[in-house]
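> Sequence:
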Amino acid sequence: MKLKISFFKEPKHVGVVSCVSWNNIEDVFSCGDDHKLLKWNLVNGECLVVATLPEDFYPICMHLFPKVNIGGNKHQQDVILIACADGKFHIVNNNGRIEKSVTAHQGACLAAQWSPDGAGLLTAGEDGFVKVWSRNGLLRSVIIQSDEPCYNAIWNPDNSSILYTKGNSLVIKHLNSSTKVTKWKAHDGIILCIAWNANNNLIISGSEDGFSKIWDSFGQQISVSVKHDQPITSVSWSPAGDMFIIGSFNLIRLCNANGWSHCLDRPSTGSIYSIAWSSDGTQLAAACANGHVLFAHIIDREYTWKNYACTQIGRKVVAIKDILTDQNDQLDYPDRVIQIALGFKHLVIATVKQCFIHKLTSWNTPVTFDLKEGTISMVLLAERCLCVIERAGISIYSYMGRLLASPRCGSRPETIGRAAVSLGPDSLALIDQTDRKIMQVFDLPTGLVVRSSVDNTVTKLAHKMTVSSIALSQTGPIGERQIALLDYNRDLYVVTVKDPKSKFTKLGSQVLSIIWSADTELLVGLRANSAVAWCCTRAATQPDWLALTTVSKDITYVPDDKIINSII
59 MKLKISFFKE PKHVGVVSCV SWNNIEDVFS CGDDHKLLKW NLVNGECLVV ATLPEDFYPI
119 CMHLFPKVNI GGNKHQQDVI LIACADGKFH IVNNNGRIEK SVTAHQGACL AAQWSPDGAG
179 LLTAGEDGFV KVWSRNGLLR SVIIQSDEPC YNAIWNPDNS SILYTKGNSL VIKHLNSSTK
239 VTKWKAHDGI ILCIAWNANN NLIISGSEDG FSKIWDSFGQ QISVSVKHDQ PITSVSWSPA
299 GDMFIIGSFN LIRLCNANGW SHCLDRPSTG SIYSIAWSSD GTQLAAACAN GHVLFAHIID
359 REYTWKNYAC TQIGRKVVAI KDILTDQNDQ LDYPDRVIQI ALGFKHLVIA TVKQCFIHKL
419 TSWNTPVTFD LKEGTISMVL LAERCLCVIE RAGISIYSYM GRLLASPRCG SRPETIGRAA
479 VSLGPDSLAL IDQTDRKIMQ VFDLPTGLVV RSSVDNTVTK LAHKMTVSSI ALSQTGPIGE
539 RQIALLDYNR DLYVVTVKDP KSKFTKLGSQ VLSIIWSADT ELLVGLRANS AVAWCCTRAA
599 TQPDWLALTT VSKDITYVPD DKIINSII
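Residue numbers for the sequence shown, in my numbering: 59 to 626.
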């Protein structure tokens, strides 16, 4: 996997570009010290001057209104929030007209961000204050008063707390005043940039000391990067939380969620001050010190299933190969490819406008259907159906392209991470995004919540701990369908979905990832130095039986992403 980088031969900005933000999957806004707000279209390669802003307008950061529908008013989605060096923040429409200007801080306003639900915004300044404002720019509260500058502040994914920097420390301030503040020393130098992902709930920080580090929400370090020669000036998670980008002086690095580097590029751009991902997680834009806006998209991402392998080799081109017969082909699509799924004898390609379903026995005669919108976050496959998750909702299709069900999960579908959803041959399981101790299981193709055989009002499975990952078994009748789960303690449990008692049985601990076999009732888990196979999970009720049906194999190589992709 690597980045394919592109930018115009001559910079369109004069001087530093300080911030970029995506309007949709095709348009990007940028703003810099030349007081110009530019709009870039990645389809036709056009760059338009939206507005020339006042001479005292020196932007530091920019954030577009999140794609949520508040009160049915879709026009608010195009509002831009810009923080400036004079201590003001400005609310600007997409035509470049300043709707409102507010003096927020003494000194520079160093950070400004809309809340994820669009109900308000926060700002952080050189004066050490962090403030929360209404959507219309009215002050609600002063959250933090510090004696040193706050270089960055962001919301947590559910708006319940704020993460901000204080010198070389990170601080999580819960908006519920009764909850204790979480503070820890994160770096040896001043922290310049932070990001918090909604799907994996992990934090990444970048500092003047040249390191980037990943943390959980309790302040425990997950990983640390190699030391870079220059300060880390920008970091950004992909929407799915499976990758992140680091920006520094003449450097951009793509890493997986555990901090392992996929690729490193050294464009001659100067420092990269801001990086933004497109909502589909396939493209990114970066603001550079030399006036360029850098664009990149991910290529050479490989997918495998049994003896088949496919690789995206271009924006609209996918290469597929049968390793046994050495048969290969290149598949061209009319629009940009944004999601690929390979498995269960099918290859599914989602583009901006359509979804293509290829049988692995006949690649060149796909079944197609139109998508509701172009922002797809995930495609999942099972034996009898496939699941498409996009901003418009969750849809279940047959492999003939027929819509089977549209389950309603009660939360924003695009915020659901890959570990929080699992598709079986006749069921769809989701971790409740409002209470991650609860799992919902939908019966397919009706889309109704699976109900207990004793009490028809039971629609959910509740675990005692927060659940981090789930997996539905892939074989057997629906009455015997099992769901395996990992909680935040890395303990592995299994439960039968339609068991009226919903008994959670523990299989093991310190498990990093899990996967069910597609052919048998075999569950495989990955530990730090071993792979474990539970050949009969129902034997877990008897410890002696469980030991007889469990096989453990020491391994010397653990995948960088610590994820099992398939069982052969």
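No lab work stands behind these hints: they were computed from the structure.
Fair warning: this is a prediction, and the values are worked out from it, not measured in the lab.
One thing to keep in mind: the hints can contain errors.
Straight-line Cα separation of at most 35 Å, DSBU-like style, residue types lysine-lysine; simulated pairs [claimed, not checked]:
#: 1; residue 1: LYS94; residue 2: LYS70
#: 2; residue 1: LYS146; residue 2: LYS241
#: 3; residue 1: LYS561; residue 2: LYS518
#: 4; residue 1: LYS70; residue 2: LYS561
> Hint by hint, note whether the structure agrees.
Right, here's what the structure says about each hint:
no.: 1; hint: LYS94 <-> LYS70; result: holds (10 Å)
no.: 2; hint: LYS146 <-> LYS241; result: holds (28 Å)
no.: 3; hint: LYS561 <-> LYS518; result: holds (13 Å)
no.: 4; hint: LYS70 <-> LYS561; result: violated (62 Å)
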